[in-house]
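S.K.: Each chain, written out:
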Amino acid sequence: MPQIVTLTTDFGLGSPYLAAMKGVILSINPAVRLVDIAHTVAPQNIRQGALLLAEATTWFPAGTIHVAVIDPGVGTERRIVYAHIGDQQYLAPDNGLLSRLAAKTRPSRIIVLENAEHWLPSVSNTFHGRDIMAPVAAQLSLGMEPDRLGPSISGLVELDWTAPQVERNRIVGEVVWIDGFGNLITDITSAMLVAIADRSRATTEIAGETIRGIDRTYGERVARTLMALVGSSGYLEVAVADGSAAARLSGKSGTQVTVRW
Amino acid sequence: MPQIVTLTTDFGLGSPYLAAMKGVILSINPAVRLVDIAHTVAPQNIRQGALLLAEATTWFPAGTIHVAVIDPGVGTERRIVYAHIGDQQYLAPDNGLLSRLAAKTRPSRIIVLENAEHWLPSVSNTFHGRDIMAPVAAQLSLGMEPDRLGPSISGLVELDWTAPQVERNRIVGEVVWIDGFGNLITDITSAMLVAIADRSRATTEIAGETIRGIDRTYGERVARTLMALVGSSGYLEVAVADGSAAARLSGKSGTQVTVRW
Amino acid sequence: MPQIVTLTTDFGLGSPYLAAMKGVILSINPAVRLVDIAHTVAPQNIRQGALLLAEATTWFPAGTIHVAVIDPGVGTERRIVYAHIGDQQYLAPDNGLLSRLAAKTRPSRIIVLENAEHWLPSVSNTFHGRDIMAPVAAQLSLGMEPDRLGPSISGLVELDWTAPQVERNRIVGEVVWIDGFGNLITDITSAMLVAIADRSRATTEIAGETIRGIDRTYGERVARTLMALVGSSGYLEVAVADGSAAARLSGKSGTQVTVRW
Numbered sequence: 000m001p002q003i004v005t006l007t008t009d010f011g012l013g014s015p016y017l018a019a020m021k022g023v024i025l026s027i028n029p030a031v032r033l034v035d036i037a038h039t040v041a042p043q044n045i046r047q048g049a050l051l052l053a054e055a056t057t058w059f060p061a062g063t064i065h066v067a068v069i070d071p072g073v074g075t076e077r078r079i080v081y082a083h084i085g086d087q088q089y090l091a092p093d094n095g096l097l098s099r100l101a102a103k104t105r106p107s108r109i110i111v112l113e114n115a116e117h118w119l120p121s122v123s124n125t126f127h128g129r130d131i132m133a134p135v136a137a138q139l140s141l142g143m144e145p146d147r148l149g150p151s152i153s154g155l156v157e158l159d160w161t162a163p164q165v166e167r168n169r170i171v172g173e174v175v176w177i178d179g180f181g182n183l184i185t186d187i188t189s190a191m192l193v194a195i196a197d198r199s200r201a202t203t204e205i206a207g208e209t210i211r212g213i214d215r216t217y218g219e220r221v222a223r224t225l226m227a228l229v230g231s232s233g234y235l236e237v238a239v240a241d242g243s244a245a246a247r248l249s250g251k252s253g254t255q256v257t258v259r260w
Numbered sequence: 000m001p002q003i004v005t006l007t008t009d010f011g012l013g014s015p016y017l018a019a020m021k022g023v024i025l026s027i028n029p030a031v032r033l034v035d036i037a038h039t040v041a042p043q044n045i046r047q048g049a050l051l052l053a054e055a056t057t058w059f060p061a062g063t064i065h066v067a068v069i070d071p072g073v074g075t076e077r078r079i080v081y082a083h084i085g086d087q088q089y090l091a092p093d094n095g096l097l098s099r100l101a102a103k104t105r106p107s108r109i110i111v112l113e114n115a116e117h118w119l120p121s122v123s124n125t126f127h128g129r130d131i132m133a134p135v136a137a138q139l140s141l142g143m144e145p146d147r148l149g150p151s152i153s154g155l156v157e158l159d160w161t162a163p164q165v166e167r168n169r170i171v172g173e174v175v176w177i178d179g180f181g182n183l184i185t186d187i188t189s190a191m192l193v194a195i196a197d198r199s200r201a202t203t204e205i206a207g208e209t210i211r212g213i214d215r216t217y218g219e220r221v222a223r224t225l226m227a228l229v230g231s232s233g234y235l236e237v238a239v240a241d242g243s244a245a246a247r248l249s250g251k252s253g254t255q256v257t258v259r260w
Numbered sequence: 000m001p002q003i004v005t006l007t008t009d010f011g012l013g014s015p016y017l018a019a020m021k022g023v024i025l026s027i028n029p030a031v032r033l034v035d036i037a038h039t040v041a042p043q044n045i046r047q048g049a050l051l052l053a054e055a056t057t058w059f060p061a062g063t064i065h066v067a068v069i070d071p072g073v074g075t076e077r078r079i080v081y082a083h084i085g086d087q088q089y090l091a092p093d094n095g096l097l098s099r100l101a102a103k104t105r106p107s108r109i110i111v112l113e114n115a116e117h118w119l120p121s122v123s124n125t126f127h128g129r130d131i132m133a134p135v136a137a138q139l140s141l142g143m144e145p146d147r148l149g150p151s152i153s154g155l156v157e158l159d160w161t162a163p164q165v166e167r168n169r170i171v172g173e174v175v176w177i178d179g180f181g182n183l184i185t186d187i188t189s190a191m192l193v194a195i196a197d198r199s200r201a202t203t204e205i206a207g208e209t210i211r212g213i214d215r216t217y218g219e220r221v222a223r224t225l226m227a228l229v230g231s232s233g234y235l236e237v238a239v240a241d242g243s244a245a246a247r248l249s250g251k252s253g254t255q256v257t258v259r260w
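Protein chains in written order, with numbering that gives the first Met the number 0: chain A, 0 to 260; chain B, 0 to 260; chain C, 0 to 260.
The following block holds chain A by itself, in its conformation from the complex (with noise of 0.2 Å):
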């Protein structure tokens, strides 16, 4: 069974420097499977990252090494880190990008990478993706025990997460992301929203909306139709029926959210 490396990068579409992070990856390891996660991350965006990573990661086999590289730190004392945590296996630099992961799950395994054998021989001050990250993400597809990159911690950096305040006939939460078709994910539960007696007389507050009804999808609406529901991955989303409601509301991340009941 071939190992699989994915790749979360801020580096932008047809950048030299995935290409040269696969090339070494592959010169270690070439019957590696890669998987690009998202190059598109805005740049030094940290936060984004780390929700991107929190979304997109869990769903691979267990035992997948996925690296991380989005790094304003780099040739600075920041750190860089091997990660377990649930069933996933994570490389990257210690600056709050696995901090959303480590959030739900605690990581069972943290280690700075010290040991400088397993790296490029020589190491540049701007690229640690490629020089540190990239070889030592080959290694641990061959099989290396992570125990050989360096000392174990005990704790990440973490960043400041916001949970939604929960009251008994309302929850304010905020948006935290906005997919592809412009929906506005924000951080408000499925499980949050249990309290719920009936969905259809519920209403969501955004931008000055008022929506009324939490809907089961999207096809429940007449097209350009502003609406809720929780989305795939459990979090209460606002979306436009057939549109986008990122563009319809301005939404952005950090919008406030309020569900009433």
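These are calculated hints, taken from the structure and not from any lab test. Treat the numbers as computed from the prediction; the structure is a model and nothing was measured.
If chains are identical, the list can't say which one is meant, so a pair holds when it fits in one copy or spans any two.
No more than 25 Å apart at the CA atoms, straight line, and that leaves these computed lysine to any residue pairs for SDA-like:
1) K103 / Y234
2) K251 / R223
3) K251 / G181
4) K251 / E173
5) K103 / L119
Chains B and C: place on chain A using the hints.
M.R.: Leaving out everything else, chains B and C in the frame of chain A:
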């Protein structure tokens, strides 16, 4: 020989939804070979997806499994189908997405996906690409018989694909596709043009411009010249040498194109 | 060990042309490992493609086959060539696309593709990537000797790659590449900078701005500060900490950069 599964969606670039589908497929068959065809189909644009599938998928090895998720009706009563068309296999919502392929080559087998035993244990209302199509594609790639997916049916949902009017000295067609170079690809086939004795004297009218002659290849005109030629897929196209016909003519899908001789 | 074939084109995202090439390659060698390098090279921009190939391809395992299709002269008299450069193999139109690579490392073998027996049976006038390069790449990946493709030649078409002027206390170069972060990569190499005794006192002039000092990595300046440093490919680059130098300076390819000390 590894089985190939291709993916065509309207999810946009770097979508966690695509990563989730890949993760589900690889969890069931880690040896499968995944090929991305396109994820930049305009959201919910079934016609564009149908045209793309018809151009892009027929070059693959016999038996390749093509998964297409442009699915505005997800969670409603629309069906999901398996179709064997030519020597390729398809999984898609039955919303017209396979209709351009089926208009050229009658499907030899169409099966409605009904047997939930091959799906993810919990199926969301909004993402059947991940919960139904991905696991079914993976099972097919492992050799499962399509008959086990559900009952056979005799036809697919069709879209209205208008054919060019072919007259004695004139063909009236339209632009159906704009490629990455800004070439305007029409629905006028090379077969329709065989009636023209002298291509150098034919004219092509589009957006108020008249192009004299049908050329053989892009390099035959000086840079920035508007030209007509038969492209690599066998359709008449309007191009600008070293430039973009789409930008020059504000051409878009549906723009009328008339060839006279 | 599976053979690797990489693909670099100007087809744009989600192009059916790319899918067709992959389909042709996989039909001949289903076990080949396909790696996308870039498909967002600006249409017909041979120089940009040449720079990208020079940066991106040298990291791959020895013997990797790199197929590059930026081919404004398709169907005219321009040749298609196989070239062995360094330890990598290339297939490309002979239009300068390999000239940046060849300027660094003299090709050890150049062969003109002439033997049509290795091509698709019917070759279009407008898409030699699919009809000639893809099947030839697949045959090479199966072990075919390059000699069977056609006659050897001694040189490739060259483009004019101006070198920086290196003087006693000054180097005048130019921006040749802008990466996804907006960093302006110049043609001034780290080797040219060794003459500088104290980098903290050197100045870099670009677009009317003067930057003091040459830094080691991005994190050494406070956010939004303009800086100069030697990037991961060994070239001097102008960057903005946590920002885009391209946006700040309106920098583009050809912008003059002067280092003084």
